[in-house]
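Asks: One letter stands for each residue in the lines below.
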Amino acid sequence: MVRKIERDQNRFRQIVRGKIKADLKKYITHGEMIGKTGGELVSIPMPSIDLPEFRYGPKGSGGVGQGPGDVGQPIGRSGDGEEGAGQAGDSPGQHILEVELTMDELAEILGEELELPRIQPKGQANIIEEKDRYTGIRQAGPESLRHFKRTYKKALKRQIASNTYNPDDPIVIPVREDKLYRSWNPIYLPQTNAVVLYLMDVSGSMTDDQKEIVRIEAFWIDTWLRSQYDGVTTRYIIHDAGAKEVDEHTFYHTRESGGTRISSAYRLAHKIIEADHPPADWNIYVLHFSDGDNWGEDNRHCVELLRKGLLPKCNLFGYGQVESPYGSGEFIRELEDAFENEPNLALSEIRDKEGIYDSIKEFLGRGR
Amino acid sequence: MSFVSTQHDLPADLRALQVEIEEHARSFGLDFYDTIFEVLDYDELSEIAALGGFPTRYPHWRFGMEYEQLSKGYRYGLQKIYEMVINNDPCYAYLLRCNMPVDQKLVMAHVYGHNDFFKNNICFAPTNRKMMDEMANHGNRIRSFMERFGEETVENFIDSCLCLDSLIDIHSPFIKRRDAPNRYDFSNEADQTPPSDKFRSKDYMDSFVNPPEALKEVARQREAENAKARRFPEQPERDILLFLLEHAPLTAWQQDVLAIIREEAYYFAPQGQTKIMNEGWASYWHSTMMTTRLLDGSELVDYADHHSGTMATQPGRLNPYKLGIELLRDIEERWDKGQFGPEYDACDDYETRRTWNTGAGLGRQKIFEVRRIHSDVTFIDTFLTPDFCRRQQMFSFRHNDQAELYEIESREFKKIKERLLFGLTNFGRPIIRIKDGNYRNRGELYLEQEYFGVDLKLDHAQDTLRHLHRLWTRPVQLETCVEGRPTLLSFDGTDHTIRPLGGQSHEPEHRDRRRA
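Residue numbers (the numbering used here), protein chains in the order written: chain C, 202 to 569; chain P, 4 to 519.
Be careful, since some hints might not be right.
[What the hints assert, rightly or not] If you only want the chain P side, here are some residues facing chain C, beta carbon under 10 Å, derived: (1) Pro58; (2) Lys133; (3) Glu158.
Just so you know, the hints here were simulated from the structure itself, not pulled from any lab data.
Here the structure is a predicted model, which means the values were calculated and not measured.
Virtual Cβ for every residue (Gly too), placed ideally from N, Cα, C.
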């Protein structure tokens, strides 16, 4: 029987979804749920879903409590939206509702709201990958795979059937034919893997504000790509005058003082792709963020590396230029001049946090 | 119907327990409706709790929200419902399946306390005792409206009604304000010719039988009465839901939905009015029955653990169970020892008062009387004493606006009582009346708040006005105070305005426009 409450619960979730969708831009801009991800769930604070009513605010309010303490002693914070504690116990405390969404739901909302086309993975969707899972049982096998429970049961059955089981002395000893072993069955999975290479300029002109923008944007791009592929691998490259691969934490927390040579990162990215992610097997995303500062003569190398190396191999190459008070911001012009209507090249200028929304749309709106 | 069913569902051990406890409860003088116990899993109990106790209630998303919060609170170990009791004849009570036997005993004894309270307390006298059926009817009607007019339309309308559902007059079930409108009564329209003010007389006697001064006086009175009749509403109206029901431009189904919301609000109101007494009474009886009759030696520690958990206090929160049971016990003790009446009140020797004992033995009788005739407000007003406050370490607290936290304000009896009564008056909600239903002769709605020094939560107030506007469809105004200054909040369908009222003419009009 469908429980009545399920209808109300679904309705509630639908409303929550609607609210998230309506406020998505705000959530994206403020990065409110980043850092709140635990496993598969995202927790989203939702202050406005409850029904309003005429009631008292905290100003001038008070109540009665019980217990020790001197006059003037603080007994509780009146956080935003919190009602006068201890209104003689008539009302449940008002709290900001935290709703939980799975990452998939979040991605779905993102896709709907940004009108993102679903990604068409490159041809490998038909490649079948073979995997082994231990789901079977066999009569023979190595002792290390012996299935104790099944073996015991079979021995017990045999003893009862042959009337050798004595309930007063319930010892069950398996003999050779009782023994059962785990075995594996091959499982065929379509392989739709993707790798995302994040490239970021960490030279002195990129400040924490810019990195914050990159982090928020990367979170949303990840969320979307993960919903589109079975497996997504992320790799991180930082660069100033030279490039190196780092882990995620280092990626967002490094600041160098040197100059900038973007081509070094492109070269490294290319090397990684060549070595680990042959384009025949992988859907490749390269996303590069910088403030647009580069050594003048390096721009030519970059264009060349893109044209010959990266673009032919990537599903998408995205360049996001984050506005910075220090950078010259010329790099994006160079790319605009050098390329015209490359289907898998997306360029986006991100002024401030407000710009993230459009930038994500620019990157992901191509459905590649 | 899966949950409300027959007693066959009750396992034999609990059935036996029920018979035993019911017998004890009766022997103590408790007087209750038949009780139907139902044993549920936590999920099922959460579901029914989310629905306010009524498995057949109308569909609405907030029940789903409530359910998520309850079941999450349970999963994370933050809260647990032990039991639920529904004011109905027969009384329905839900038990949690995974409770230990000692808990089930405690809970059942507690349930009989509530059941007796529902049946006998004056505040519950006007409530519908067939609410289980009535709620099912409400559910069916609303579901059929949803089918006809669309789920979302009906639900949105319910949202607006719910924002206003605390705007009822909790005393009105006892006071007959006006006759229920009879749609077949046309006497008003038929009776058009005004009665003559003059007595019949011969011409030459006329100036004596009908002296001109007296005629003038009668005419003046009539005029005043007419003026009064033209006022709309005649008296400021606290039952705002009723006023809307009678005068807002609603369609038939909207009227019915609003009437349903109003009826349910009145049904639940007495529970808010008697929270301290009701929980105190039930706790008094579970503890009395457990400690004198029901408790097994082996259950003592678990009982003590759970009972003290229920009675626990924490700073900044008043536990109604604790306050209620302690105050009832205090009353019982005072009336047992004869510590009441003019003689006792006149005595001002501390030691004499402390050891005062006439052996009156009227305690039990007194608390039975108290449970019949009091609500929380009159209960606290009548029986809270300085001695009691001191023994219970009670204090009042207030909001420190700078530090944005609550702090202990005072341990003075007067202050404590004042704060407590304020928090209980009108469920701790602001008192708001409709002053004018034809404001500025433009059909606008004018509300006024009785101001006691505490400001409304402004954003909520404005959002609520928006919902009120949905029902009234003309501009709505609320006269209130912001930071102590008389202020008029208005919503005209698109914009919110905040305008200071009266005496502020030197300052330029401060307008805060919030776009809808």
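Asks: None of the hints should be skipped; say for each whether it holds.
Replies: Going down the list of hints, with the structure as the test:
Because the closest C-beta pair between Pro58/P and chain C is about 7 Å apart, less than 10 Å, the hint holds. A least Cβ separation of about 20 Å between Lys133/P and chain C goes past the 10 Å threshold, and the interface hint is therefore violated. Interface restraint check for Glu158/P: the shortest CB-CB distance to chain C comes to about 7 Å, inside 10 Å, so the restraint holds.
Violated hint for the displayed structure: number 2, the only one.
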